[in-house]
Amino acid sequence: MTNSWLRPWRDRAFQLLALAISIAGFALSSIILLHAELEQRFAVRTAEMLGGELALTGTRAPEPAQIELIKTNATATVVDFSTVLVLNDELLLVSARAVDNKYPLYGQMQIASGRFEGTHAVQAGPTPGEVWVADQVLDRLHVQPGDELNIGQKKLKLSAVIRQLPDQSAGFYSMSPRIVFNQHDLEATGVLGPGTRITYRQMISGDAGQISRLQKNLEPTLRPDQRLEDIENAAVRSMGPLKQLTLWANLAVLLVSMLCGATIYLATSERVAHRSRLAGLLRSFGAPRRQIISRLLGSEFIAILPASAIGSLVGIALISILRQSLDWQGSMAATSVQWLTILFAPMVLWLAFALPRLTALVRVPAIDVLNQRNKPKPLSTNIELTAALGAPVLLAGFLTSSLADLGNLLALLVILGAGLPALLWPLLKGLDLVSGKLPLASRLALRRLSRRPSLTLPLLAALTMAMAVLALAGQTGNQLLDDWRSRLPEQAPNHFVLNLFEKDFDTFNTWLEKQEAITQPLYPIVRGRLTEINGVPVSQAVTKEKENRNEALNRDLALTEAADMLPSNKINEGAWHPAKNTVSVEQELADRLGLRLGDKLLFITSQGSINTEIASLREVDWDTFEPNFYFMFAPGGLAEQDVTWLTGFWLPTGDGKRLAELMLQLPHITLLDVNTLLNKANEIIGQASAATALLAALLMLAATLVLTAALLGGQAQRGRDNALLRTLGGNRALLYRVTWAEFITLCGCAALAAMIIIFAALYPLTAQLLNDNPTLSYWQLIPLLIGLGVAGVGVLASRGALRKPALSLLRDEA
Amino acid sequence: MNKNLEIELPSTGAPLLQAESLLQAESVGKTVPGPDGELTLLEDIDFTLSPGQSVAITGPSGSGKSTLLGLLAGLDTPTSGEVLLDGKPFSKLDEDGRAVRRGELCAFVFQHFHLVNDLNALENVMLPLELKGAASPRKTASHWLQRVGLEHRLKHFPATLSGGEQQRVALARAFAVQPQLLFADEPTGSLDHANGGRIGELLFDLNRESGTALVLVTHDQQLAKRCQRHLQLEEGRLFERSESSIESLAEAATESSAQ
Numbered sequence: 001m002t003n004s005w006l007r008p009w010r011d012r013a014f015q016l017l018a019l020a021i022s023i024a025g026f027a028l029s030s031i032i033l034l035h036a037e038l039e040q041r042f043a044v045r046t047a048e049m050l051g052g053e054l055a056l057t058g059t060r061a062p063e064p065a066q067i068e069l070i071k072t073n074a075t076a077t078v079v080d081f082s083t084v085l086v087l088n089d090e091l092l093l094v095s096a097r098a099v100d101n102k103y104p105l106y107g108q109m110q111i112a113s114g115r116f117e118g119t120h121a122v123q124a125g126p127t128p129g130e131v132w133v134a135d136q137v138l139d140r141l142h143v144q145p146g147d148e149l150n151i152g153q154k155k156l157k158l159s160a161v162i163r164q165l166p167d168q169s170a171g172f173y174s175m176s177p178r179i180v181f182n183q184h185d186l187e188a189t190g191v192l193g194p195g196t197r198i199t200y201r202q203m204i205s206g207d208a209g210q211i212s213r214l215q216k217n218l219e220p221t222l223r224p225d226q227r228l229e230d231i232e233n234a235a236v237r238s239m240g241p242l243k244q245l246t247l248w249a250n251l252a253v254l255l256v257s258m259l260c261g262a263t264i265y266l267a268t269s270e271r272v273a274h275r276s277r278l279a280g281l282l283r284s285f286g287a288p289r290r291q292i293i294s295r296l297l298g299s300e301f302i303a304i305l306p307a308s309a310i311g312s313l314v315g316i317a318l319i320s321i322l323r324q325s326l327d328w329q330g331s332m333a334a335t336s337v338q339w340l341t342i343l344f345a346p347m348v349l350w351l352a353f354a355l356p357r358l359t360a361l362v363r364v365p366a367i368d369v370l371n372q373r374n375k376p377k378p379l380s381t382n383i384e385l386t387a388a389l390g391a392p393v394l395l396a397g398f399l400t401s402s403l404a405d406l407g408n409l410l411a412l413l414v415i416l417g418a419g420l421p422a423l424l425w426p427l428l429k430g431l432d433l434v435s436g437k438l439p440l441a442s443r444l445a446l447r448r449l450s451r452r453p454s455l456t457l458p459l460l461a462a463l464t465m466a467m468a469v470l471a472l473a474g475q476t477g478n479q480l481l482d483d484w485r486s487r488l489p490e491q492a493p494n495h496f497v498l499n500l501f502e503k504d505f506d507t508f509n510t511w512l513e514k515q516e517a518i519t520q521p522l523y524p525i526v527r528g529r530l531t532e533i534n535g536v537p538v539s540q541a542v543t544k545e546k547e548n549r550n551e552a553l554n555r556d557l558a559l560t561e562a563a564d565m566l567p568s569n570k571i572n573e574g575a576w577h578p579a580k581n582t583v584s585v586e587q588e589l590a591d592r593l594g595l596r597l598g599d600k601l602l603f604i605t606s607q608g609s610i611n612t613e614i615a616s617l618r619e620v621d622w623d624t625f626e627p628n629f630y631f632m633f634a635p636g637g638l639a640e641q642d643v644t645w646l647t648g649f650w651l652p653t654g655d656g657k658r659l660a661e662l663m664l665q666l667p668h669i670t671l672l673d674v675n676t677l678l679n680k681a682n683e684i685i686g687q688a689s690a691a692t693a694l695l696a697a698l699l700m701l702a703a704t705l706v707l708t709a710a711l712l713g714g715q716a717q718r719g720r721d722n723a724l725l726r727t728l729g730g731n732r733a734l735l736y737r738v739t740w741a742e743f744i745t746l747c748g749c750a751a752l753a754a755m756i757i758i759f760a761a762l763y764p765l766t767a768q769l770l771n772d773n774p775t776l777s778y779w780q781l782i783p784l785l786i787g788l789g790v791a792g793v794g795v796l797a798s799r800g801a802l803r804k805p806a807l808s809l810l811r812d813e814a
Numbered sequence: 001m002n003k004n005l006e007i008e009l010p011s012t013g014a015p016l017l018q019a020e021s022l023l024q025a026e027s028v029g030k031t032v033p034g035p036d037g038e039l040t041l042l043e044d045i046d047f048t049l050s051p052g053q054s055v056a057i058t059g060p061s062g063s064g065k066s067t068l069l070g071l072l073a074g075l076d077t078p079t080s081g082e083v084l085l086d087g088k089p090f091s092k093l094d095e096d097g098r099a100v101r102r103g104e105l106c107a108f109v110f111q112h113f114h115l116v117n118d119l120n121a122l123e124n125v126m127l128p129l130e131l132k133g134a135a136s137p138r139k140t141a142s143h144w145l146q147r148v149g150l151e152h153r154l155k156h157f158p159a160t161l162s163g164g165e166q167q168r169v170a171l172a173r174a175f176a177v178q179p180q181l182l183f184a185d186e187p188t189g190s191l192d193h194a195n196g197g198r199i200g201e202l203l204f205d206l207n208r209e210s211g212t213a214l215v216l217v218t219h220d221q222q223l224a225k226r227c228q229r230h231l232q233l234e235e236g237r238l239f240e241r242s243e244s245s246i247e248s249l250a251e252a253a254t255e256s257s258a259q
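Residue numbers (our numbering), protein chains in the order written: chain A, 1 to 814; chain B, 1 to 259.
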């Protein structure tokens with residue numbers, strides 16, 4: 001009895017089962033941990049954008065009662081407003097921000113000591129008496145660090161150049177450059193008069209429980225001008241790669257669960273066949289059900305535990321290594337619930353997939369021993385199928401709590417995964433019926449498949465799922481990487497120039513050529529403010545609440561005209577410039593302002609006004625490093641306006657003197673260096689790519705495991721068949737032909753079904769992951785290649801069954 | 001019964017015998033590795049079977065009956081000595097060679113029937129005919145199933161047949177290829193007394209009508225008694241039993257079963 005937990009390991013079916021549980025443990029633990037890491041990074045990134053886990057925004061300072069509620073949490077306060085800087089007769093509208101000493105709660109500020117100096121990170125904002133300004137301020141006002149600037153009535157010393165604030169929104173250029181100073185100086189500036197439009201922003205950090213309690217307490221105290229934003233509802237635009245990767249990881253959890261489940265199911269079927277004689281014997285000895293459960297299922301359970309633990313440990317080790325290699329700091333992100341899940345998930349899979357089959361052992365009647373029958377009757381097929389299909393879905397839902405995101409895909413996979421083999425079944429039966437004229441080997445192979453539904457159908461389903469997953473993982477993984485690469489090509493523009501005039505083009509182009517810079521198209525820019533929608537002033541057309549959310553209404557917008565749409569943009573409604581005097585509007589802004597196709601807009605510009613009509617609503621990818629516009633007019637729409645030009649260019653690394661030279665020649669232009677943003681985006685993409693590759697590898701490993709289980713699954717039966725054929729005079733060549741025909745037919749059917757699944761799943765998958773339409777690629781034909789490969793490996797793996805000595809029939813080893 | 005045999009059967013391509021002895025074992029021995037060194041299962045077996053002759057091999061459990069049958073049928077190879085089939089080396093052929101020779105000359109009946117579960121009765125009988133490349137396997141198979149009284153069960157799968165019926169299908173499968181030599185391993189061992197008796201009867205009837213030689217491994221002394229010769233295996237050695245000793249054994253068996 002001491003080694004009763006070792007005994008099951010002698011059975012090959014159990015070894016396979018244990019391997020499947022180990023891989024499940026490995027795959028699930030690594031995916032759960034990776035998922036947790038990604039979620040945390042996603043949350044941190046969102047928190048950085050929001051400034052904290054919760055943000056309380058209003059046009060006045062928070063009430064004392066609210067401060068009282070918040071004070072137990074770490075908080076930072078910023079006050080945002082627009083003001084004008086005046087220096088040497090130059091006027092410059094700026095977005096000013098007064099920060100307290102706690103700012104920023106998350107992330108770092110990237111600053112530089114001079115216009116063309118390198119960037120470095122700091123954790124705290126300017127001290128009292130100091131002001132930091134964006135590069136454009138230096139260019140427009142011709143000042144440099146060390147100079148003094150007047151903010152209202154207060155003189156502040158310009159001490160650094162801002163390159164990036166952690167909560168800087170995705171649009172990296174703005175008509176009003178940013179300045180930051182200490183809140184201590186705010187009152188002294190005297191700019192906070194009654195007419196000034198001010199935003200008070202209280203950023204709060206805390207754990208999920210604290211934040212949700214705080215949110216609940218704060219909600220009833222909110223004034224009409226105040227609103228609360230948390231990470232969940234933050235109006236932060238898609239986080240690009242991180243968001244996609246999180247979705248992809250969710251999908252991976254689901255698919256790996258299904259694949260490992262399929263392996264467990266197949267291996268258990270084999271295991272049950274091996275153990276049923278013992279079950280029948282125990283029954284014939286008078287063992288009660290309870291005893292059979294403890295003897296057969298109990299030892300099975302104990303024996304499976306180390307396999308599960310080893311798999312999970314390897315997964316944990318892998319993620320630790322990955323974290324080190326990607327330089328992810330801090331302790332692991334998984335919560336205690338997630339650690340518990342890691343511990344129990346493989347066992348849940350085992351319970352769902354193996355137990356319904358194993359319980360068949362309890363019901364083996366003693367008479368089966370006498371009848372030499374070794375196939376116990378399974379529990380109701382419906383129960384088994386429900387358990388087998390429900391378990392990974394529930395598990396994945398539990399793990400990712402984002403079934404809503406993947407709902408349609410999930411339903412599709414479940415329906416097709418279970419339904420297609422059933423649909424293919426009549427095809428197999430039909431082939432059998434018309435197989436009379438086929439060669440003997442093909443006929444025998446077809447009969448083996450078409451007359452053993454309990455063996456063939458699960459095999460077919462498992463092979464189909466594995467092939468579909470392999471191909472889908474390959475294609476979507478590749479597409480994700482391509483998508484990311486295309487967003488940030490190696491020579492993505494790392495500088496942007498605004499306020500360029502037509503007369504500057506020659507000077508500018510000469511400079512670009514000299515620096516071997518790579519140029520981008522030029523966009524005409526007209527500053528304009530949206531004032532009327534369908535003849536109704538914006539202040540009436542848009543509610544106060546909406547207006548507060550829309551910076552677009554409170555500032556000058558960069559209007560442009562273009563004959564062609566930007567490659568990263570997509571028309572959601574309407575058509576691209578069907579007529580002159582039409583405009584295309586960015587979808588999110590249109591939603592926020594309640595704009596529809598056909599609405600008439602009025603913009604006020606320095607040269608008068610522009611009347612236009614909305615002809616299309618456009619989706620914009622803000623994560624690309626190319627200029628994006630809320631309003632794009634049809635060519636000619638900005639005629640007779642004051643036009644300046646905007647463009648981007650890629651400048652090879654080198655010293656800052658080159659840019660200083662340009663600024664000297666064209667002192668009125670605004671030059672933005674986005675290298676810092678670009679590097680950060682590149683870093684995220686690098687990490688996301690590594691994680692994607694890891695997930696794809698895990699998926700492929702799980703799929704390969706299913707294929708292995710599928711191949712080994714029917715070996716015992718194949719061995720019996722072959723021994724009998726040999727006894728009756730069949731030679732080895734015939735046995736090989738039968739085996740080949742069997743695997744080719746099986747894999748062919750599975751490949752066919754997998755291709756149907758891929759075509760059906762690709763649309764929702766690419767729409768969800770890539771926000772794009774699926775493209776045809778060679779990945780969709782992969783199941784055919786996999787099928788051929790699997791058939792080959794299947795025949796190789798069947799060599800044991802091909803060599804099964806005919807003598808075994810006499811010895812009743814079969 | 002003989003009426004059925006008047007049907008003209010399609011040829012199954014069984015070759016004509018060329019040697020006087022159909023099956024011959026020369027000093028055949030078999031050892032296997034055991035926990036305490038080599039374990040001798042069979043030793044110095046000399047044995048000859050003429051065409052059409054029937055021989056019963058009996059012996060206590062573990063005496064090596066099934067091992068001997070396996071060696072004689074080419075399912076296994078001896079560690080010493082040689083088996084000849086139709087005067088030609090058999091045990092020294094490779095596995096494929098033995099399978100082909102077996103397919104040409106031999107047939108089997110097993111204790112546990114060993115029908116292919118996913119083939120119906122007709123297809124089970126057709127299987128060896130198809131392996132041999134016989135001209136009209138379906139017609140021949142139907143004839144033999146009719147001959148064993150299962151003409152109404154042609155499309156039935158083994159799971160829906162009784163033990164006795166399954167063994168009838170196995171007999172039809174064995175005789176359908178018109179073998180020169182039939183190996184039968186405890187053919188009644190899995191059946192009740194009445195069914196066993198009927199299958200024994202059918203086996204010897206078909207054997208006699210077909211003129212097939214028979215090697216029968218059995219515990220059933222009554223069945224053994226119906227063979228022309230009776231060999232006894234004891235501790236790996238083979239002894240020819242005389243008529244009188246067979247009779248006394250049969251009597252003893254009858255008495256013990258009566259008690």
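Among the clues, some could well be false.
[What the hints assert, rightly or not] In silico DMTMM-like cross-links for lysine to aspartate or glutamate, where the CA-CA straight-line distance does not exceed 25 Å: (1) A:K437 / B:D46; (2) B:K92 / B:D36; (3) B:K88 / B:D36; (4) B:K92 / B:E104; (5) A:K243 / A:E502; (6) A:K243 / A:D327; (7) A:K243 / A:E219; (8) B:K139 / A:D207; (9) A:K437 / B:E104; (10) A:K503 / A:D327; (11) A:K429 / B:D46; (12) A:K600 / A:D556; (13) A:K154 / A:D207; (14) A:K580 / A:E502; (15) B:K155 / A:D432.
Keep in mind the hints are simulated off the structure, nothing from the lab.
Against the structure, the hints:
{"no.": "1", "hint": "A:K437 / B:D46", "verdict": "violated, 47 Å"}
{"no.": "2", "hint": "B:K92 / B:D36", "verdict": "violated, 28 Å"}
{"no.": "3", "hint": "B:K88 / B:D36", "verdict": "violated, 36 Å"}
{"no.": "4", "hint": "B:K92 / B:E104", "verdict": "holds, 17 Å"}
{"no.": "5", "hint": "A:K243 / A:E502", "verdict": "violated, 41 Å"}
{"no.": "6", "hint": "A:K243 / A:D327", "verdict": "holds, 20 Å"}
{"no.": "7", "hint": "A:K243 / A:E219", "verdict": "violated, 28 Å"}
{"no.": "8", "hint": "B:K139 / A:D207", "verdict": "violated, 82 Å"}
{"no.": "9", "hint": "A:K437 / B:E104", "verdict": "holds, 24 Å"}
{"no.": "10", "hint": "A:K503 / A:D327", "verdict": "violated, 48 Å"}
{"no.": "11", "hint": "A:K429 / B:D46", "verdict": "violated, 51 Å"}
{"no.": "12", "hint": "A:K600 / A:D556", "verdict": "holds, 19 Å"}
{"no.": "13", "hint": "A:K154 / A:D207", "verdict": "violated, 39 Å"}
{"no.": "14", "hint": "A:K580 / A:E502", "verdict": "holds, 23 Å"}
{"no.": "15", "hint": "B:K155 / A:D432", "verdict": "holds, 15 Å"}
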